[in-house]
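Going down the list, the protein sequences come from chains A and B.
According to the working numbering, the first sequence holds residues 1487 to 1844 in order.
According to the working numbering, the second sequence holds residues 1487 to 1844 in order.
Keep in mind the hints are simulated off the structure, nothing from the lab.
Model, not experiment: these values are computed from the prediction.
Just to be clear, a hint being listed does not mean it is correct.
[Stated by the list, open to error] Derived, one-sided and incomplete: chain B residues facing chain A with beta-carbon distance under 10 Å:
1. S1573
2. F1606
3. N1646
4. F1716
5. R1758
6. A1762
7. G1781
[Unchecked claim] Which bits of chain A does chain B cover? Going by a derived footprint, with three or more residues having C-beta under 8 Å, they are:
8. 1520-1532
9. 1604-1610
10. 1637-1643
11. 1736-1748
12. 1785-1794
13. 1830-1844
Even glycine gets a Cβ: it sits at the ideal position worked out from N, Cα and C.
2 protein chains.
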Amino acid sequence: MNVAVDRRTLTVGWPSGREHRFHVLWLRDNCPCGDCRHESGQRLLDTRSLPDDLELVGASVDGTVRVSFSDGHASSFDADWLLSFASPGAAVRRRRLWGAELQDELPTARFVDVAGGGAFLRDWLAAVDELGFAVLTGCGTERGTVTRVAELFGYVRETNYGRLFDVKTVVNPTNLAYTGLGLGAHTDNPYRDPVPTLQLLHCLASSADGGENTLVDGFRVAQDLPLEDFELLSGCAIVFRYSDAETELETETPVIVADVRGDVQSVHYNTRSAQAFRLPDDMVGEYYEAYQRFGRMLEAPEYRIQLKLAPGDLFIVDNLRVLHGRTGYTSSGGERHLQGCYADRDGLRSKLAVLSRG
Amino acid sequence: MNVAVDRRTLTVGWPSGREHRFHVLWLRDNCPCGDCRHESGQRLLDTRSLPDDLELVGASVDGTVRVSFSDGHASSFDADWLLSFASPGAAVRRRRLWGAELQDELPTARFVDVAGGGAFLRDWLAAVDELGFAVLTGCGTERGTVTRVAELFGYVRETNYGRLFDVKTVVNPTNLAYTGLGLGAHTDNPYRDPVPTLQLLHCLASSADGGENTLVDGFRVAQDLPLEDFELLSGCAIVFRYSDAETELETETPVIVADVRGDVQSVHYNTRSAQAFRLPDDMVGEYYEAYQRFGRMLEAPEYRIQLKLAPGDLFIVDNLRVLHGRTGYTSSGGERHLQGCYADRDGLRSKLAVLSRG
């Protein structure tokens, strides 16, 4: 290993031949000493206080890399930590895109195992993180169980629908989810800000005909879209809206939200709550072409899996990625009753990270 | 008013001379009849089912615009509703950017008024929607009040910090917010996904010296940034992280998130939880230039207002827009005790919209 400095740059060469240049402000800002960094890992140093004309005045290496600065400060960096920044690109996401082939290997665990925590809970949460959904069986049919499952890893997101909500046929539905109609693949509550990032649905009764749940990986479908469709759906915002006597929710978002690298970050698709598009009139035709292609791919058998939930079964979806729908059912042949709740990804990923430690 | 059709386009001319062209699929998709649209306002028609080769076969106008389609369907549209889509651009946001001049007209209301609902609550919420913050006085000093205030308009977002959290000097702080140090302007919890969109802080005691709260409109500062800085801060994602014995949260986001029009959608700035930037080495220097300029502008007197909270005072901020900080304090001269909680914008905007009806 070798190091070289000029006024503003530290160049580190590793035995592998890899070389990386570190900027003086980056180094000073990331000093790990007890004056600059709290034991909690939070930065004590306010980055804003660093002088713009800071310079490097020396460097040495002996397993740790030591540098000294023109403000009189000295820092020691772990060489392996520095090396981790010499690799191109960002940390790899544990994201596996899927289609209908996943029907044969549905990520499923038993409530009794997962509720015990430890490796069972970790593996179930890891499936949600990687695939965007997972199934839990043997949850029983006690009302309120769905929020207990959410609390195994995080926090319920209460909304105007309550801490939990019932999905069954009712006489005067204000929301189509509560009628017996089939529902095409959709994400929930795109009219909310922020959109709930997780949804859980727990089956209490299912003697009605039909009413099977369908799931599709929206990230996979977005990736398979022709580029010009992807650009239209990620480049134009549309409005989603929900309104009843006590509620009025409206949010504007593209159907596909891409991050700064152009990777899909979230998908918002819901034909029930989408409002009339407000687009330049010469764009409406091509936008509909992209929107229809995406919507139909979301229903295509090669992307879709199906779940016939039995009483006591529950599934969780990443609501920014995996769309869900259901086939139609009638209550004349029986009843179908689900309870659902919303939660958020930060709690899930935190629990997964903590359970994965050591 | 006059209408003309060709196979795929309805052209409407208004008395003002304005003319707009409506695409056949847009019209069919937005048919307001009872077969296509549920009384709740949700679309019954699944857009995906519309034939790609749908055509217009006729149109007439007599206050309402009537069109008939090649699939046999006929629709009637309110002419004023159609006109609203003939205006360029999106609906105007009630967003007023501000700087230090707002010190003289802080949006403030009394708890006793706002808790009564109606116009007082509406106006207080409207200030949060427009300015990104508001103050509430006379809340008393009962613990737990902060969540009661959140429940006046929405729902508490529970996190690993609890439904509410205490901010005061403690002996073994795991988070810098709980020490007596000053804190530069920051947004809360950028390491969370989704980031809490609202934060409330309620003052229970404030006999310590210092500890004044500072607020700055991050959207205003972002708007005043040189364009090349704006592009760097909105074009590169950085990682924020928080970790303790039971929690591990990490999220990647640009410091400035722009929407598809290039307008600022959110700001995430927190020097404590920002992780070492992972950028191409030839970009680090210019990124720091932009990051430092933005960070220092957030502390500049011309952008900043200051609140000296008395016991019983509370403030709420839009945590994606308004940054907060505080001057340092010591507990030797007294104590300072705040309680805080998180909530979300959808509940607030829904309550505001409902209170603004009719």
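Hints, verified against the model:
| no. | hint | in the structure |
| --- | --- | --- |
| 1 | S1573 | holds (9 Å) |
| 2 | F1606 | violated (19 Å) |
| 3 | N1646 | holds (7 Å) |
| 4 | F1716 | violated (13 Å) |
| 5 | R1758 | holds (4 Å) |
| 6 | A1762 | holds (4 Å) |
| 7 | G1781 | holds (4 Å) |
| 8 | 1520-1532 | holds (count 8) |
| 9 | 1604-1610 | violated (count 0) |
| 10 | 1637-1643 | holds (count 3) |
| 11 | 1736-1748 | holds (count 7) |
| 12 | 1785-1794 | violated (count 1) |
| 13 | 1830-1844 | holds (count 9) |
Going down the numbered hints, you'll see the structure goes against 2, 4, 9, 12, while the others check out.
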